[in-house]
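For the record, the sequence lines run as chains A and B.
Quick note: the first sequence, position 393, residue 433 per the working numbering, numbers continuous.
Quick note: the second sequence, position 208, residue 248 per the working numbering, numbers continuous.
The hints are simulated quantities; they were obtained by calculation from the structure and are not laboratory data.
Certain hints may be false.
For identical chains, the list gives no copy identity; a pair is met inside one copy or between any two copies.
[Said to hold, decoys possible] Restricting the straight-line Cα-Cα distance to at most 27 Å, the calculated cross-link-like pairs of lysine-lysine (DSSO-like) are:
1) K314 <-> K224
2) K406 <-> K314
3) K409 <-> K144
4) K224 <-> K238
5) K406 <-> K144
6) K432 <-> K357
7) K262 <-> K314
8) K412 <-> K432
9) K144 <-> K412
10) K262 <-> K116
11) K357 <-> K116
Protein chains: 2
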Amino acid sequence: MNLDHLPGFREFYPAPLPANESWSLDARRHVFEAWRRVAVRYGFREYDGPPLEPLELYTAKSGDEIVGQLFNFTDKGDRAVSLRPEMTPTLARMVARQERNYRKPIKWFAIPQLFRYEKQQKGRLREHFQFNADIFGETGRAADAEIIALLIDSLRELGLGSGDFVVRLSSRLAWQAFFERNAKPGADPAGFFQAIDKMEREPPETTDGKLALAGCTLDQVKAYVAAAEPTPDLREILDDVCARGLSDYVAIDYSVIRGLAYYTGPVFEAFDRKGVFRAIAGGGRYDQLVKMLSGGRADLPGLGFGMGDVVLLELLKDRGLLPEFGAGAEVFVLSEPGGSRAEALSLVQWLRDRGCAVDHSFTPQKLDKQIKRAVELGCLGLARAEGSGLRKAWCRNLRTREEVSLDWEAIPGWVGELRSGCQQKIGQPVG
Amino acid sequence: MNLDHLPGFREFYPAPLPANESWSLDARRHVFEAWRRVAVRYGFREYDGPPLEPLELYTAKSGDEIVGQLFNFTDKGDRAVSLRPEMTPTLARMVARQERNYRKPIKWFAIPQLFRYEKQQKGRLREHFQFNADIFGETGRAADAEIIALLIDSLRELGLGSGDFVVRLSSRLAWQAFFERNAKPGADPAGFFQAIDKMEREPPETTDGKLALAGCTLDQVKAYVAAAEPTPDLREILDDVCARGLSDYVAIDYSVIRGLAYYTGPVFEAFDRKGVFRAIAGGGRYDQLVKMLSGGRADLPGLGFGMGDVVLLELLKDRGLLPEFGAGAEVFVLSEPGGSRAEALSLVQWLRDRGCAVDHSFTPQKLDKQIKRAVELGCLGLARAEGSGLRKAWCRNLRTREEVSLDWEAIPGWVGELRSGCQQKIGQPVG
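Model the full structure from these sequences, guided by the hints.
Structure, rendered in structure tokens:
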């Protein structure tokens, strides 16, 4: 049988990651938990929707041309369906259906896995996870500032500082005004916006040619970007973000415009300062999207961002910000060869019931083999029940080699001390 | 546009759940976190694989007949692919590929979303999440006991007791021996096993008819089930589980045999004691599966279980074991109308940076409106910055209505006290 998974899909292995694997489940959880922690701190609530959706949900917004990039098919009930390429249409449908039952503003987040049938290229995957955070029902600029602050804090939580990344802030409305001032009558704004969006990745001649269709020149556009005069909207957002002490993380940059058609106001993208990686995250305001996707049944202003796991994990790796992940448990309970296995099992259970991560040997083994195993697992300590029914245990700190005899009652506290004296993350500590 | 998701798929909404919705993201997280917490305590490591796989991965194990139950299609690269209906084939492939790089025994878990194109019936979904835990590289019965103890503790962690559920323990080998003693020569063991598997759900005549094909009678089978004599294997597992103090949660029950063909030893299923729900979880030993799925490239004994979210969430709801989930933040920071918004924002950021879940008003509102919003969100307390630069705040406990003036430094501790005095879960507290 073919042992391979599909091209562009990932397997996530636990630590210690084999040398020929790139994707660590522990690193992924580290990122997911940071995202979730910060979203909860910001008062965002988690939701989720189906990974498989009616194809129409995507063609309605983006037209039939998107179908070429989808994992779409006809299911056994003759429905045209697709794996979700993005979360916003699902979210807009959920919000449209239930918005009456939630107080505004609605602040929601999700961490969906998304799928695109991209042409196979190095580093181009066909699935990724994306942190999505959105606010509905708020037109004021304070909401834009809140979503940008959330983006910044999600990256700060992972150890990235103002030397590592910046959120480049721009405005569709500003570009709309520029277009109205400078474009020749009848020019297509969509083509103009796309030329700006691709400006940094295309040769100047190409951009100039596209801009000429709208009666503009690259020099005009460059001068506008260089001036970077914030509109009153952007000024308000900047003031708010600065009041939060986050001014080092934002900059006005009109070279950002966002590719998608549905943005209606402030837009932004987060980039690494070294300019090595693709955009880390991007988003903006889309006040018409819920109305459009719900066929007018609901009409709520919205805004949000998406942050993928692939670029972020590469960036964190590059900056040495991924912690080392332990291979297993905190405590290894030794079984005396020839001693009472029941006593050892009882101690194992007692410690697990009190929240300690415990491993032990399934088969009778010499003590030195058990200790070797404990070290391989990255355990912090050893424990061995002393005599039947005594409820005392001999314990060894594997870092300091210090040994103590403790009542069982005292061992969880001792494990807590080992844990707090250790930077290493054991598995995925939750809750 | 059609506002509906596909039949058999779920949308998960945040608390407070609208009356016409059944699936709460908060309840789902509550279950996932319990699963993860217990798995980590047991020294299991998390992994994940692609939700879309080559179709062959499933037909190789289960034959072409399974295709009728799959979400399968041909992708744009002409590959026959399928959404994963179960995790074990993916896991066996991952283990076969990398087992040389991991110390044995390998103890891994995952919480994948799985997909089956089931006939639409009430309560029959087309996707669900499943807690999968498996051990590879260990033939001893201590591993079977460990996996059963993990199953039990995953349910105990959610508040279920020995009055709520029991793990019914049986053995493929025992039934194999029974078959060899009692079946007529040339009879088909697979048909015999299936008759036992469906015994509790089919009329006695049907079962009797199926058993007759193997030369056995229902009375013979019933007598064997009633005697429930543990084999030496099962005795060993029971002793181990009892030494952990979990004897109230297991019983020998030969009416369990598991439908899937690949089990090779002890098998088990967890049921609610009232017999109202379908099986909560099931698993067993499958020592040949890695070898078969890897085409002999790897050969490791394995065992594990799967526990779905659907039956479990219904059971927890039925027993009143789902906590109430708060709608939002812990602290609401008030902005004095006409006062300094910058000061309020600074306090918001200060508290969030220190791990508090904080919400605030985006627009200038009267204080009583802000307080009403705080109460709607289920906040535990209010805070209002006192004067510019003083770094003091007026704080109110929303339960006791107690008011205090605190230095900013002291507020996180005050929030901690509010939190510990409160059963309610705020959003998804992680880490």
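Here is how each hint holds up against the structure:
| no. | hint | verdict |
| --- | --- | --- |
| 1 | K314 <-> K224 | neither (37 Å within a copy, 76 Å between copies) |
| 2 | K406 <-> K314 | neither (53 Å within a copy, 45 Å between copies) |
| 3 | K409 <-> K144 | between (60 Å within a copy, 13 Å between copies) |
| 4 | K224 <-> K238 | within (21 Å within a copy, 76 Å between copies) |
| 5 | K406 <-> K144 | between (63 Å within a copy, 16 Å between copies) |
| 6 | K432 <-> K357 | neither (44 Å within a copy, 40 Å between copies) |
| 7 | K262 <-> K314 | within (21 Å within a copy, 73 Å between copies) |
| 8 | K412 <-> K432 | within (23 Å within a copy, 54 Å between copies) |
| 9 | K144 <-> K412 | between (57 Å within a copy, 13 Å between copies) |
| 10 | K262 <-> K116 | neither (53 Å within a copy, 40 Å between copies) |
| 11 | K357 <-> K116 | neither (43 Å within a copy, 33 Å between copies) |
Going through the hint list in order, the structure does not satisfy hints 1, 2, 6, 10, 11.
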